[in-house]
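Spelled out from the first residue to the last, the chains are:
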Amino acid sequence: MDFSVLRNLISRYCAGEEYWVDSRTVYIGHKEPPPAAEAYIPQRYPDNRIVSSKYTLWNFIPKNLFEQFRRIANFYFLLIFLVQLIIDTPTSPVTSGLPLFFVITVTAIKQGYEDWLRHKADCSINECPVDMVQQGTVVRTQSSKLRVGDVVMVREDETFPCDLLLLSSSHDDGTCYVTTTSLDGESSHKTYYAVPDTMDFKTEQKVDSLHATIECEQPQPDLYKFVGRINIYKEREDPIARSLGAENLLLRGATLKNTEHIYAVAIYTGMDTKMALNYQSKSQKRSAVEKSMNAFLIVYLCILISKAVINTVLKYAWQWSVDRDEPWYNHRTEIDRERHVVIRAFTDFLAFMVLFNYIIPVSMYVTVEMQKFLGSYFIAWDKDMYDEELGVGAQVNTSDLNEELGQEHEDLFFRALCLCHTVQVKEEETVDSIKRGIHLGKPTSFYISSSPDEVALVEGMKRLGYTYLRLKDSHMEILNKDDEIERFELLHVLNFDSVRRRMSVIVKSSSGEYLLFCKGADTSIFPRVVSGKVEQVRARVEQNAVEGLRTLCVAYRSLSPVEYEETCHQLDDAKLALQDREQRLAQAYDLIERDFTLLGATAVEDRLQEKAADTIESLQKAGMKVWVLTGDKMETAAATCYASKLFRRSTQILELTKKRTEEQSLHDVLFDLSRTVLRQRTLSGLSVECQDYGLIIDGATLSAVLKPSPESSGSGNYREIFLEISRNCSAVLCCRMAPLQKAQIVKLIKASKEHPITLAIGDGANDVSMILEAHVGIGIMGKEGRQAARNSDYAIPKFKHLKKMLLVHGHLYYVRIAELVQYFFYKNVCFIFPQFLYQFFCGFSQQPLYDTAYLTLYNISFTSLPILLYSLIEKHISIETLKRDPTLYRDVAKNSLLRWPVFLYWTCLGLFNACIFFFGAYFLFDNTTFTSNGQMFGNWTFGTLVFTVLVFTVTLKLALDTHHWTWINHFVIWGSLLFYVIFSLLWGGIIWPFLNYQRMYYVFMQMLSSGPAWLGIILLITISLLPDVVKKVLCRTLWPTATERAQSNRPCLTVELSTIFVLTQSDNRLSF
Amino acid sequence: MMASNYNAKEEDGHQPAAIGHGGAGTVKNKKPDNTAFKQQRLPAWQPILTAGTVLPAFFVIGLIFIPIGIGLFVTSNNIQELEIDYTGVDMSSPCYNCSQSYSWNSTKPCLCSVPFFLDQPFESNVFMYYGLSNFYQNHRRYVKSRDDSQLNGDKASLTSPSKECEPYRTSDNKPIAPCGAIANSLFNDTLELYYIDPNGSRTAIPLVKKGIAWWTDKHVKFRNPGGNDNNLTVVFQGTSKPVNWRKSVYELDPSDPDNNGFINEDFIVWMRTAALPTFRKLYRIIHKKTNMTPTLPLGQYILEVTYNYPVRSFEGRKRMILSTISWMGGKNPFLGIAYITVGSVCFFLGIVLLIIHHKYGNRNHSADIPS
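First to last, the protein sequences are chains A and B. The first sequence lines up with residues 1 to 1072 when you count with UniProt numbering. The second sequence lines up with residues 1 to 371 when you count with UniProt numbering.
The set of hints was computed from the structure by calculation and includes no laboratory data. C-beta: ideal position from N, C-alpha, C; glycine also. Wrong hints could be hidden among the right ones.
[Said to hold, decoys possible] Label pairs and their computed distance ranges (CB to CB): (1) B:Ala204 x A:Phe979: 48 to 56 Å; (2) B:Lys288 x A:Trp974: 42 to 50 Å; (3) A:Trp992 x B:Pro43: 39 to 47 Å; (4) B:Asp33 x A:Lys621: 26 to 34 Å; (5) A:Trp992 x B:Asp197: 51 to 59 Å; (6) A:Val981 x B:Pro43: 26 to 34 Å; (7) A:Trp974 x B:Glu123: 40 to 48 Å; (8) A:Phe75 x B:Val234: 52 to 60 Å; (9) A:Phe101 x B:Asn78: 51 to 59 Å; (10) A:Trp992 x B:Gln120: 45 to 53 Å.
[To be verified] Here are the simulated DSBU-like cross-link-like pairs (lysine-lysine), alpha carbons at most 35 Å apart as the crow flies: (11) A:Lys621 x A:Lys611; (12) A:Lys798 x B:Lys38; (13) A:Lys202 x A:Lys31; (14) A:Lys63 x A:Lys110; (15) A:Lys307 x B:Lys163; (16) A:Lys63 x A:Lys120; (17) A:Lys659 x A:Lys621; (18) A:Lys621 x B:Lys359; (19) B:Lys359 x A:Lys883; (20) A:Lys611 x B:Lys38; (21) B:Lys38 x A:Lys621; (22) A:Lys110 x B:Lys38.
[To be verified] Chain A residues, not near chain B, derived (Cβ > 10 Å throughout): (23) Leu65; (24) Ile86; (25) Arg899.
Using the sequences and the hints given, assemble the complete structure.
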């Protein structure tokens, strides 16, 4: 043995990195393993300091700047700014530098503040006291000083300071109870076990005397996986090796409950803990709005570049003759003249880019971010939703609803139907007790378990006279009919996993009999049953399933001592394996769980959550396609669907199940179904009422459909046909789904040719992959833990909240952000296009039309607040109406407000307005005498006139679009205009000493002193707004949308078209 | 296997900290406030643009705009304006010779007389403009080629003008005052107006050269260095005149210290760069005489031009404009016509909408009722 350890150690150091990556060895209490004293080399692990902060005082500025400029928009503006600094450009660097600086600073402050909070939190965590065992005494130290290998004592209600391996607890059986609420949100108490060989080390002194090493895998983020081995050295004996699993590992962040104290050894510390590892990844989802926005941006970028190119080309064409290029009154400098013409042309191109760069809305990103950030508060604030999570609405046209819509909530009642006959009561209870994390031991108390099935089982048994009492020292105690306590020794637990869909326990009865009990889904049990009242039970199970109950079967097998030994051997072998443990365990389980005798079945009613049916109906009316993905049996799931009105009596059900595919080939079934559906479609072209179809598919068939067949064309075909069929069904039910299949379906739908937007909603951990996959993931904070809620984009407390979430918040937010995006582009077209036109009248010299201050402040202050406010509080239609009439949602579906025609309309409107501004002013300036004293106006007055019309028009356009005028809107809209006027008066009112030019001096006031200027401004504003008003009125009168009708029907209500959408709240850094 | 994707959002970044304190528990109690703002129930005015509400607005706009337009149009038409092109492009033009023989170095001014006939008397104050065409005063290189602080009387800028003035910043190693392209190209034709009596004698029309620049420009924005009372010759010592100028800035109007140097009104007017390549600038004012005779009676006039300013190289034109002024400034029919047009369009749209409203508005309403 000496040699083997030594060899181990040597090979570890020689083999190099690979070995290191695989596992780590922890010396409990830093004590070297006795046989190989020399080989003990303390290993280096990170200390237990948690660093969640991103920056330090020193690296904040460079690191933060780097992070910010990685965003493409910020980088673009930085580039423009640098160009302005380097070459001689028409506008001063301030015009782009100031907004950039502003945005960067605001973002940096926000991030800095957040990081400071993190620092503070880190600090308080790192300094929190921990009891450490050293030389047989308990020493209090700071959490951050913990090292791997330290033995720690944790008392009740204390939080584990790092990932610990349980050695012993104050309970005799070496168990302890832990709640992981703050980790994964599951509030139930979970049981953790100490390895039997260490559970006697119950005092400081004893623990200190423990000689053991732990070999375990390197840290990985999966909370539910842990593989390791403990070697315990006893005096002059070979070390005892025991396998370790997730049930031995106490995670940082969890809290000890119902246990006086425990001793444990630190395995992973600091940033290696599973909790810390879990906070490193983040989801990145982009909403459809964002995609449209980016598409529009690209269009505008193209426009920008082409504008610059056109102007550059025209410039050189125009100034071909020297008298135009350099008339006697306007010579170039010598340096300029000597420059090569290519360089000059390139510089000119850059200068034009700089001049027109404002067409890419500087502040749009900032505003959109702010809108998302602030707007999400309205959802959080909504008392109807009673929900504190951040989130926004969703753009949905196919919504993937998952099984949990029919799932119970904490306060719902489980009706347990216990249907077992020929019950061997004790056995069943045994099954329960194992899985049961926590139970209250008194016979009168009720049972709490994470699984309703177990409760059903135990309750049922109780009614039959067998009461499960407690699990004590690996013995389950059961009170039988005769008030005697029977004891069963719990030998092995074959844990549940979703592949096998069953779990088993092996117990030894007091009479020395070995029994294996198994419970699981009927499909996984029946094939393994050899005797028992199979037919009877099967009939009951199916009947129950039809009634919408969730069923489980229970079976047992008795083992002879020889068989038991063999079983033990197989299990231990598998459990001790460091590599492929899962796989080997599964193999072992498969061997052991066979030849069952069927005992009976349980059934649990899945009560629908309140208003689930109403919600689903609304969603369907809103034009969403609902898919139900569930792990339940087909019958159960179908019953749920009927209960939730997903299927109606009139719905014709199309089945695509294993049963059918066994009779016919998959190919035939698929074609059969698609023919049915397509025939209906051709017919429905004529008839008014079309047949309603519902599709049911099960997991096995689905994987057959999705499975890439050897002949490459086949699989694609099946997929297409399947999608084609489902497209024509009003509802699709997928039952018997494995969690991963749920995600596959979402992916499949996402990739179908209409590219629908998907929304996944679920409450269980098995929905997580689906929620992550879908465009919008919504988690319900259900009883089965909060993993779904944590991984979702939005979390809601109950399923019924989905209705308000989508129909009200989703709709409103979509309308708001769509207007925000379109308006931003519009106002910047209005802003920049006159400048483009002006180039034709100033010899393509890049002369800006507006003063620097106006260029800078246009997007930052003159026109920023009204649209921000609009995007936050606009309510084009009342919340009640939206809730009452789900069909309104169709108006905003499919991103309808951000489609190209709408975008084109806004852009054309912008171009039209820009032409009006410019040419209006142009004709007005045909005679530059505007005042009765005959004095003249110059180019800055010209620009200011255009700019004044611009600011007023753009703001009033928004005012026209506003349908919900609260005092805030009034304040912001009129306030912005007033601010513009006051600013202009002030800006032109004095000679600003820090400026090297005074071109705006008194320009604005002189303009206001002239009658024609006033008349011209009013006229131009009127002309600019006229077409939009006419378009609105005509559309409303001639082709009203449902939304507009709803508005008109309630005269006190509001306007405009709309769509749905989603803001994923995944990224809230500011940028523009 | 269930939580293989246990992701945290970025905004949850600070949560590792919160977790230590059982953050989830505290969040739970946060019941949202039931305030009007948070529940999005702020009282609001909710206007909808329907044919019904917009109709009256259109008629009102029509009714207001059309009279305004007519008023503007009439006013503009009542303004008398006379424009004379004296560039001298044609052989027949009196200034042809001057325009041909132009050279910057010629010391002898070239004079030409343009006769014209006024067939209507100008009754009120007459404003005399010079107009230039194809002259890009709004060229970027040109617009920025000035030093406002020098013009504001800053002594430091006087001796070292801004770089923006290049290449009109220094000459002979002396700073130019006023520097820059704008100042350098100051319009330097002299225009004089004579009335030819029927008996053949010439009467010079008195042209007032003050009051043509903005008051604020003359009194605030433009200042001579060291105040306006000093001896400008001394003040401008050590500076050079702009290269194209014949005389120094302090010789612009030696007779009137209040109109000399930087505060010379012709200079100030020129320094306000025009918006478009064809522009006019106020040159002189002919005040109405106190008696009843018109400011400019009908008859024969002669415009005496001292032809200094070359425009032929860039195909420019030079004009002299005489115009009376109303409350709305000079003659510009655009505003009046535009107002009339827009007013009419609004009125017309009003009628169209009225028809549509009657035809479809009712139909929609009735259609809605059963639904």
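Those earlier numbered hints the structure runs against, lowest number first
When the structure is compared with the hints, none of them turns out to be violated.
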